[in-house]
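Student: Required output: the full structure, derived from the provided sequences and hints.
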Amino acid sequence: MMNAKIPTGPLKDKWTNHKDHVNLVNPANKRNIDIIVVGTGLAGASAAASLGEMGYKVKAFCFQDSPRRAHSIAAQGGINAAKNYQNDGDSVFRLFYDTIKGGDYRSREANVYRLAEVSGDIIDQCVAQGVPFAREYGGLLDNRSFGGVQVSRTFYAKGQTGQQLLLGAYSALSRQIAKGNVAMYNRHEMLELVMIDGKARGIIARDLVTGAIERHSAHAVVLCTGGYGNAFYLSTNAMASNVSAAWKAHRNGALFANPCFTQIHPTCIPVSGEFQSKLTLMSESLRNDGRIWVPKNLEDAKAIREGKLKPKDISEENRDYYLERRYPAFGNLVPRDVASRAAKERCDAGHGVNKTGEAVYLDFAFAFERYGATEAKLRGELNPSKERIIELGREIVADKYGNLFQMYEKITDDNPYYTPMMIYPAVHYTMGGLWVDYNLMTNVQGLYACGEANFSDHGANRLGASALMQGLADGYFVLPYTIGDYLASDIRTGTIKTDQPAFDEAENNVRDRINKLMAAKGTNTVDFYHRKLGKVMWDKCGMARNESGLKEAMNEIREIREEFWRDVKIPGTADSMNPELDKAGRVADFMELGELMCLDALGRNESCGGHFREEYQTHEGEALRDDDNFAYVAAWQYTGDPGKAKLNKENLYFENVELKQRSYK
Amino acid sequence: MNLTLKIWRQKSPDDKGGMVTYPMKDVESHMSFLEMLDVLNNDLITKGEEPVAFDHDCREGICGTCSMVINGRPHGPDSAITTCQLHMRKFNDGDTIHIEPFRAKSFPVLKDLTVDRGAFERIMQAGGFISVNTSGNTIDANTIPIRKDHADMAFDAATCIGCGACVAACKNSSAMLFVSAKVSQLALLPQGHTERTERVLKMVHQMDAEGFGTCSNTGACAAECPKEISLDNIARLNREYLRASFVSGE
Ligand SMILES: Cc1cc2nc3c(=O)[nH]c(=O)nc-3n(C[C@H](O)[C@H](O)[C@H](O)COP(=O)(O)OP(=O)(O)OC[C@H]3O[C@@H](n4cnc5c(N)ncnc54)[C@H](O)[C@@H]3O)c2cc1C
Ligand code: SF4
Ligand code: FES
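Top to bottom, those sequences are chains A and B. Per the numbering used here, the very first residue in the first sequence carries number 1045; after that it's consecutive. Per the numbering used here, the very first residue in the second sequence carries number -11; after that it's consecutive.
Quick caveat, the hints were computed from the structure, so don't treat them as lab data. Heads up, some of the hints might be wrong.
To be verified - Simulated pairs of lysine-lysine, BS3-like, Cα-Cα distance not exceeding 27 Å: (1) B:K(-1) with A:K1560; (2) B:K35 with A:K1613; (3) A:K1579 with B:K35; (4) B:K78 with A:K1354; (5) A:K1627 with B:K35; (6) B:K78 with A:K1454.
Because the structure is a prediction, the values reported are computed rather than measured.
Tutor: Pasting the structure below:
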């Protein structure tokens, strides 16, 4: 049984009590302690800046040419916080409750409560750093709503919230780099974890410009390396987002929790062709103002697909606003897993609206009218024409989502101010990740995981605007406290030397693997295998899963993996800049992870959140959870073969919420 | 459509480099420009040649990683977008397309179309921040109301993605637009006022030290900026700089 080290006492006092009793490292001793932070997205940049500021000697790594380019930069819609600025009854408990329920009761109460508790500080901190959140005319902060909740608690900066938050964390990090407290290694990729006497003591990294293999030691290693959605090849993640750092940790003993919990986001631009390299998200915030529909009649849908009808030709009564129909209480703002499955259901039934039949409409016509009418009143325009109202409405919508509309138009060549957007679900986020305890430490001593790289807070489905919150909570406010508790016993250890056998061995592993990849000299490119893997994952471990499909997938993935190692073709040399080699290493790890994801999905004989097993559904097609048998975290242990990983269970206890069937009706 | 690509190939920073011609067949108009290059690279690898190295990551115009000069224009022929947002429908059958890296003394080429923009990092480290610790013990975010128009202007300046197209577009390789965007954002917000003087002096000093050229107000930077960062920011930077020089007695 796993020990999550959850502090005792009432839920609302756990974090405060814990903070009051953890060991501290005094300032003079901090200077003798090295910490490696891998990844400088929201979680890593905030952690590295905070740890540097506290006096630790920090080394931070990222594979981009600047921390400002981490994938967090792409987050669009917003960040949640229980500030209750809108006076709509929000509270720490409500944010906690929404998150637990949204996650379909598969996350740890204590962690989620802490997240809700520190959420308000994040907003204060960011504003103090100069993050330009959206404001109302009175000069105070504005909020919007996200799916799965009935309050307005999402702070935002147009459709660029992640960018603004990351630039805030990046500025804090830059300040510490300038002070010499953080040494920043851009264009460096961690390729191995170094373990000494059962503790994480360093990493092996490759300089992606020169190809040099480097050794870096530390007293603790913090992985903030993001999610693994790219296992599906096509996703909304940045091209280079990958699982390798977490996977190396897993191979060195760290448990990988709930790998099958992936989030398929309902509003993404549909696939357009076979050369597609990535998918683009249209923020969930759009569901505040857009209504989702498909034609009610199959003939209309067919005519639209063939280009014989346009969306505006379909009259109101012939449209099916299926989310509003099925879920009247939450309507278009149901959680992501629910919205995605509903879109798939309609498209599978033949109502899809683009050439491939895999798209639904997201329509803003109503929002233009609604906002336009209000705006006309505000401006004192009496009896405005319908055209005038719509024009004003478009301006308001542009002010809220301008960059998203522009992005959509550039990609599709359709103007969403004049015709509804077409959207379809796509892989977006991974709730699973490295298992961590309450202190964010993995089961490997001295190895921590923060942000999307860990599994901790979102259960089987993440609510919108909660990943940014979690990344910054982990990095600014949780890890800086909890890591001291562990490091307090290391103040006399002294610098960890890199000429020890453990470093030799780790470096040799890295070199062997690179040599093996370069030596294959086969026929197919890395992308060829990545696409193949992605197709298996999407078809058999995607929005709907079943036993036989998952078993097939595991076999197919093994075959792809074997073929890859035998027949991949990597140009260039290992001792120079070689983006194909970088990619090959990442894809090789995805091919192991993919199998583990299927194994996890196969073992979880229930449906919950983003994990939908076709065998387990209600007669209305909703997910059917099995709390008696599956209210646990599945934490997998590496055994040398990803298909035969060993299952460890962390049972989840719910003392402050009642387990119910999630209903958004 | 069929195209002829002329691409800058350079093995390493000290290689001389040169343009190499590649014919491209059956390019589809809905492909993105980078997807077109993916296809080329796939062909090159299959033929046993080295693919073209280029920087990219988000492929949706927000990370600022992609950086190419296409037919003489940073980020290519379309306006207000990055290279990764450019689609092939902007080109015609039979076109010849010239693809080069961002050119500037302060952005040395690492390989092919990949350049080193470390100079931007050092400018940000010199002063692109507000000195507040990350303890969370700050004041409540709504304590200081900020005029919406100021907040909006600060936001517009803050949308700079640090791509460096402004430098590549400028005949003097000036980084003024980039620097002015950060200086403006922070100068427009009350939180940024305390360090206003030092910040602008330090950032401009670092910009000069990195070897970026002077600004001669031709506006090429703003014309090519994918985020439409306005020249007003440069005017504001100049005012901030003058003011700071005066205040600090420099
Ligand atoms: C399009 C999009 C929109 C989103 N919108 C929202 C939103 O509106 N609200 C919300 O709450 N969430 C949103 N999310 C989710 C959220 O953005 C991410 O979950 C979050 O930003 C992850 O942050 P992170 O710091 O954990 O990782 P990342 O930002 O992914 O950073 C990973 C870091 O690790 C580094 N790294 C990885 N591997 C290695 C290695 N081996 N060696 C060295 N460095 C390495 C990378 O260089 C990078 O610096 C969105 C996600 C996407 C894809
Ligand atoms: S100002 Fe514009 S062109 Fe220059 S770095 Fe910023 S976004 Fe790029
Ligand atoms: S790849 Fe991110 S802006 Fe182009």
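Student: Each hint should be assessed against the structure and marked as holding or not.
Tutor: Taking the hints in turn, this is what the structure says about them:
1. Only pairs whose Cα atoms come within 27 Å are accepted, and K(-1) (chain B) paired with K1560 (chain A) is accepted, the gap being roughly 24 Å.
2. Taking the CA atoms of K35 (chain B) and K1613 (chain A), the gap is about 10 Å. The hint holds against a cut of 27 Å.
3. For the hint pairing K1579 (chain A) with K35 (chain B), the CA-to-CA distance comes to about 25 Å; that is within 27 Å, so the pair holds.
4. As the CA atoms of K78 (chain B) and K1354 (chain A) are separated by approximately 25 Å, the hinted pair is consistent with the 27 Å bound.
5. Note on K1627 (chain A) and K35 (chain B): the hinted pairing holds, with a Cα-Cα distance of about 19 Å set against a maximum of 27 Å.
6. The hinted pair formed by K78 (chain B) and K1454 (chain A) meets the criterion: a straight-line CA distance of about 11 Å does not exceed 27 Å.
In terms of the numbered hints stated before, the structure departs from none.
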